[in-house]
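Undergrad: If you want the building blocks of each chain, they are given just below.
Number of protein chains: 4
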Amino acid sequence: MPKVFPEYREEAKNRIIKQSVKFFSEKGYYKTKMAEIAECLGVSKGAIYQYFKSKEELFLEVIKFYVEYTQKDLVAFLNSRPPKDISTDEFFDIMFNIEHSTSFENFKILDKLFPPLDFKLAMSELMTSNPLMKEEMTKYYKDSIKLMADYFENYKINGFIKKDIDSFSLSMGITSIQDGLMAAMQMGIEISEIRKSWKEITKMILKSTLVE
Amino acid sequence: MPKVFPEYREEAKNRIIKQSVKFFSEKGYYKTKMAEIAECLGVSKGAIYQYFKSKEELFLEVIKFYVEYTQKDLVAFLNSRPPKDISTDEFFDIMFNIEHSTSFENFKILDKLFPPLDFKLAMSELMTSNPLMKEEMTKYYKDSIKLMADYFENYKINGFIKKDIDSFSLSMGITSIQDGLMAAMQMGIEISEIRKSWKEITKMILKSTLVE
Amino acid sequence: MPKVFPEYREEAKNRIIKQSVKFFSEKGYYKTKMAEIAECLGVSKGAIYQYFKSKEELFLEVIKFYVEYTQKDLVAFLNSRPPKDISTDEFFDIMFNIEHSTSFENFKILDKLFPPLDFKLAMSELMTSNPLMKEEMTKYYKDSIKLMADYFENYKINGFIKKDIDSFSLSMGITSIQDGLMAAMQMGIEISEIRKSWKEITKMILKSTLVE
Amino acid sequence: MPKVFPEYREEAKNRIIKQSVKFFSEKGYYKTKMAEIAECLGVSKGAIYQYFKSKEELFLEVIKFYVEYTQKDLVAFLNSRPPKDISTDEFFDIMFNIEHSTSFENFKILDKLFPPLDFKLAMSELMTSNPLMKEEMTKYYKDSIKLMADYFENYKINGFIKKDIDSFSLSMGITSIQDGLMAAMQMGIEISEIRKSWKEITKMILKSTLVE
DNA sequence: CATGAATGAGTATTCATTCAT
DNA sequence: GATGAATGAATACTCATTCAT
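So the protein sequences, as listed, match chains A, B, C and D. 1 is the number of the first residue of the first sequence in UniProt numbering; add one for each residue after it. 1 is the number of the first residue of the second sequence in UniProt numbering; add one for each residue after it. 1 is the number of the first residue of the third sequence in UniProt numbering; add one for each residue after it. 1 is the number of the first residue of the fourth sequence in UniProt numbering; add one for each residue after it.
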C-alpha cells in the first residue's frame, strides 16, 4: 500500500506535481485524468485530493512549478555570459528543451522536450472560467518576461545592447517567437525547419540589438 | 429560401460554422458544447448533426473556414503593395484582427478579435488522438506559411527583399511572432504592450530583410 | 424526384415491404434504420410514413409477408409429392432457402438465404412491448405449423404416414429443428455441418414416421 | 464484507451479472437499459462501468455466465445415468428450465424459465458488428455441442448408442430442437404443446439411436 | 403526394470528487 | 492518512417521427 511520503507533506506534493507535469504537458488539461496520474504514481485517487483540493488547483501548482524552474534555468544560463557570446544554437536549445538544465536536479523528470504551448492552451481555457487563475497566470507570464527584460537591461548598462532598445518589448518578442515556433512544431513542422527559422530570426534581431 | 434548394444546405452549414467559430475560439474545443451552439443558433442539437457528423468534424470545418478566409485576407493585403510600403501598424492590424478584412463580407460575423492560438491549442489536443486531423492541419499550416513565403519570394525578384533571405524561414518567423503574441495577449498582456513589442520586432526584422 | 408508384398504393406498399424484408432479416429490427430503407428505395423517409404509420407497423407487415409467402411455398412443394418421395436434401433446401420458390415471382427479391431466426428474435423483442403484435405473431406461427400438420394429416389418410403419429407435434418438431439449425448457422457453424445434422435427424424422424 | 477485499470486486461483478441476466433474457439486448439495471441493483450507472467497460462487455459476460452454468448442469445430469434411463420428461425439464439445477446454488437467481433463444438473437445482432464477439460466441456454442457429443460418444463405447450414429450431428440436432421449441414458446405456443412435441420427437430420435 | 430539415426524447458513457472503511 | 467503490452531473450522439414547403 504505497504512500506519498507520509512524513513530508511538501515532498509528497512535489512528487505529484512532477508526475502531473508530464501528463498535462503531453496530453493537455482535459485529456489528463486524475486516475491516470494516481495510477502512474502508484497511489490512489483519493491520495491526490489530500494535497490538492481539485484538478484545477493541481494544474495551477504544476504551472507554477514549471514557470519557476524554467525561469531559474533561463536566468542561470543568461547570466553565465554576455549576449554576444550566446550562440543562437545554444539559445535555441535552452529555449526549446531542457538539456541545459542545471539548476535543479529534480528537473530530470522532464526527460523529454517540454511543450509549454500545451500549457498555455490549457491555461487559457481555464482562465476563462477561473478569474483567479487568470490573475495568477498573468502574473507568472509577466514575471517571466520581466526576468529576461532585466537581463537585457543589465547588458544595456554594460554596453552590449543598444541604449534605445526597449528591453521589455525585446523580451516579449523573443518569448513570442519561442511560443510561436512551439506551435509550429506541434503543427507538424520538422525540427530542422524550426531551428533554421529560429536562427534566421534571432540573427536579425541580434543584429539590430547588439552594439557591434 | 426554401429548404429543398441545394443552396440551403450550404448556407445552413455556413451559419453553423460561423456560430461555432465564436464558441471554439472563445472557449476552446472542450468547453464548447454542441447544445450551446445549437441553442445560440435557435435550433435543436440534432439539426447540427444533419450537417456535421461529429463535433470533431465541425471543428475541422471551422478551422478550414478560418484559415481560408484569413489567408485570402492576408494575401489580398500583401499583394496590394510592396513590403516597404507596409507600415507595421497596418501589418499588425491585419495580423491581429479582421478590421481590414475586405475580401468577404460574411466575415462580419467575426466581430471580435480572433484568437488563432486557442484554435491551435484545441487542434493540437485533437491531433494527438486523430491522425487524420493531424495530417490535415499540418497541410493547412504549411499552406499558410507558403502563401506568405511566396509573397516574399516575389518581392525578392522585384528587388525589395534581399536575395539571401530564406523566404520560408522569414514567413514562419513572422507567423510565429504573431502566434506568440496572441498567446501573450491571452496571458493578459495589454494590447498596447503587444503592439509595441510587435513594432519593435518587425522593425528589426524588416531592417535586416529589406533592400534599403 | 422518385415516387413509390403513385398510382397503386398497394404496389407501393409492397415495394417498401420487399426492400424492408432484406434489411430486417439481415440486420435485425433495431439495427435497421428507416432512413436506410428509404435511401435504398430511392425515396424520402416521409414517403414510407405515407404507407406505414410506424416502424413497428412496417415490421409487422414484413413478417406477415414473409410468413405468407413461405407458407405458400412450402405447401406447394409438399403437395407436389408424397413424403416418401421427398429427399432430405430437397427438404433441407426448401426449409433453409428459397431457391425452390415457385409460387410468387416477386419472391425473387429474396435473392439470398433467408434467416427467419433474426425475425423471430426481433419479433420476440417487440412482442414483449406490443401485445397486439404478440397476438398476431402467435396466430401466424400457429397457422404455419398447422399448414404442415395438415399436410401430414393428409398423408396419414393416404397411408404414407403412421396413424399414431401426432401431426401437429411432428410439424412443430420439424419447424423447431429448422429454427434451431438456423440459430446454429448464425452461431457460426458451417453449412455442411448443418446439412449433415439435418439429414441425420430427419432420417431418424422419417424412419419412425413413415409407413415402410 | 469490506470493500477493499479483492473478493468484493468479484462478488460485485457477479451481482451485476445475475441482475443483467434477467433483463437481457426478458427484454433482449436493445431494450435493456444500463440505467434500469443500475436502478434495480440500487446503485448508480457509474458503478456498473467500474466493473464492465461497456454494455457489450457486460452482455458478453452474461452470456458466458449462462453458458457455463447451463453446461455444468447439463453434464452433471447426463453423467448421472446412461441414456436409456433418461426419461424424456426429465430431459425436457433439464433442457427447458433450471428446476433440476444441482450444481450451483447461485442459480437460484434464475427464478424463471430461461430463454436462451433471446440470448442467441441478441448475440446474433451483436455478432454482425463485433467480430470478436462472433468468435467468442461461436466458440461457446461449439463447446456446448461438443460437450453433449462427448457424452454420446462415451455411451457408444459402452454399447448404449449405435456405433454408426454421428455423435456431433445428434448433439446438434437435439440442441436445435431445444432452441427451436424455445422459439415456439416465445411465439406463444403453450408449454403443454411444447412438451408433447418434444416427447414425440425425442422418442423417435432415441428409437433410432439407442441399441435396444 | 413527396420531400428532407428539424425535432427532442432517449442512451451509453465519462470522470472529478466524495466518503465509509 | 490512504483506499477505491460509488456517485451523478454532464455530454455527444441517434433516429423515429413530424410538418412546412
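Worth flagging that the hints you see were computed from the coordinates, not collected in a lab. Check each hint, because a few of them may be wrong.
Repeated chains share a single entry, so a pair holds when one copy, or any two copies, can fit it.
Unchecked claim - Once the Cα atoms are required to be at most 20 Å apart in a straight line, the calculated SDA-like pairs of lysine to any residue come out as: (1) Lys72 - Ser54; (2) Lys27 - Glu135; (3) Lys53 - Lys64; (4) Lys72 - Ile191; (5) Lys31 - Leu60; (6) Lys196 - Ile165; (7) Lys27 - Glu193; (8) Lys64 - Gly188; (9) Lys142 - Ile189; (10) Lys156 - Gln50; (11) Lys196 - Glu153; (12) Lys31 - Glu57; (13) Lys146 - Ile189; (14) Lys55 - Tyr66; (15) Lys207 - Met133; (16) Lys199 - Glu61; (17) Lys162 - Leu78; (18) Lys162 - Lys196; (19) Lys53 - Phe77; (20) Lys156 - Met34; (21) Lys156 - Leu206; (22) Lys207 - Ile165; (23) Lys199 - Pro131; (24) Lys139 - Gly188; (25) Lys53 - Ala12; (26) Lys13 - Lys163; (27) Lys134 - Ser192; (28) Lys142 - Met185; (29) Lys163 - Ala35.
Undergrad: Run every hint past the structure and note whether it holds.
TA: Cross-check of the supplied hints:
Taking CA atoms no more than 20 Å apart as the test, Lys72 paired with Ser54 passes in neither setting, with 27 Å inside one copy and 44 Å between copies. In the homo-oligomer, the alpha carbons of Lys27 and Glu135 lie at most 20 Å apart only across protomers (17 Å), although the nearest pairing inside one protomer, at 24 Å, exceeds that limit. Within a single copy, Lys53 and Lys64 get their C-alpha atoms as close as 16 Å, which meets the 20 Å cut-off; across copies the closest is 35 Å, which misses it. Taking the closest pair of Cα atoms, Lys72 and Ile191 never come within 20 Å of each other, the shortest separation being 25 Å inside a single copy and 27 Å across copies.
Within a single copy, Lys31 and Leu60 get their C-alpha atoms as close as 16 Å, and across copies as close as 18 Å, so both meet the 20 Å cut-off. For a Cα distance limit of 20 Å, the shortest separation of Lys196 from Ile165 across copies, 12 Å, qualifies, whereas the shortest one inside one copy, 25 Å, does not. Proximity of Lys27 and Glu193 under a CA criterion of 20 Å is satisfied in neither setting, with 24 Å inside one chain copy and 31 Å between copies. Taking CA atoms no more than 20 Å apart as the test, Lys64 paired with Gly188 passes between copies only; the shortest distance there is 16 Å, against 27 Å inside one copy.
For a Cα distance limit of 20 Å, the shortest separation of Lys142 from Ile189 across copies, 8 Å, qualifies, whereas the shortest one inside one copy, 28 Å, does not. In this assembly of identical chains, the alpha carbons of Lys156 and Gln50 never lie at most 20 Å apart, being 48 Å within a copy and 62 Å across copies at closest. For a Cα distance limit of 20 Å, the shortest separation of Lys196 from Glu153 across copies, 17 Å, qualifies, whereas the shortest one inside one copy, 27 Å, does not. Taking the shortest alpha-carbon separations for Lys31 and Glu57, both the intra-copy value of 16 Å and the inter-copy value of 18 Å come in at or below 20 Å.
When the C-alpha separation of Lys146 and Ile189 is checked against a cutoff of 20 Å, the pair qualifies only between copies, where the shortest distance is 12 Å, while the shortest distance within a copy is 30 Å. When the C-alpha separation of Lys55 and Tyr66 is checked against a cutoff of 20 Å, the pair qualifies only within one copy, where the shortest distance is 16 Å, while the shortest distance between copies is 32 Å. Taking the shortest Cα distances, Lys207 and Met133 never come within 20 Å of each other, neither inside one copy (38 Å) nor across copies (39 Å). In the homo-oligomer, the alpha carbons of Lys199 and Glu61 never lie at most 20 Å apart, since the shortest distance is 33 Å inside one protomer and 34 Å across protomers.
Taking the shortest alpha-carbon separations for Lys162 and Leu78, only the intra-copy value of 17 Å comes in at or below 20 Å, while the best inter-copy value is 31 Å. Taking the shortest Cα distances, Lys162 and Lys196 sit within 20 Å of each other only across copies (17 Å), while inside one copy they are farther apart (25 Å). Within a single copy, Lys53 and Phe77 get their C-alpha atoms no closer than 35 Å, and across copies no closer than 50 Å, so neither meets the 20 Å cut-off. Proximity of Lys156 and Met34 under a CA criterion of 20 Å is satisfied in neither setting, with 47 Å inside one chain copy and 53 Å between copies.
When the C-alpha separation of Lys156 and Leu206 is checked against a cutoff of 20 Å, the pair qualifies only within one copy, where the shortest distance is 13 Å, while the shortest distance between copies is 23 Å. When the C-alpha separation of Lys207 and Ile165 is checked against a cutoff of 20 Å, the pair qualifies both within a copy, at 12 Å, and between copies, at 14 Å. Taking the shortest alpha-carbon separations for Lys199 and Pro131, neither the intra-copy value of 37 Å nor the inter-copy value of 30 Å comes in at or below 20 Å. Taking identical chains as interchangeable, the C-alpha atoms of Lys139 and Gly188 lie at most 20 Å apart only when they sit on different chains, with a minimum of 9 Å there against 31 Å within one chain.
Taking identical chains as interchangeable, the C-alpha atoms of Lys53 and Ala12 lie at most 20 Å apart only when both belong to the same chain, with a minimum of 14 Å there against 30 Å between chains. Proximity of Lys13 to Lys163 under the C-alpha cut-off of 20 Å is found in neither arrangement, the shortest distances being 45 Å within a copy and 55 Å between copies. When the C-alpha separation of Lys134 and Ser192 is checked against a cutoff of 20 Å, the pair qualifies only between copies, where the shortest distance is 19 Å, while the shortest distance within a copy is 34 Å. Proximity of Lys142 and Met185 under a CA criterion of 20 Å is satisfied inter-copy only: 11 Å between copies versus 24 Å inside one chain copy.
With identical chains, the CA atoms of Lys163 and Ala35 are never at most 20 Å apart, being 53 Å at best within one copy and 55 Å at best between copies.
Violated hints for the displayed structure, listed by number in ascending order: 1, 4, 7, 10, 15, 16, 19, 20, 23, 26 and 29.
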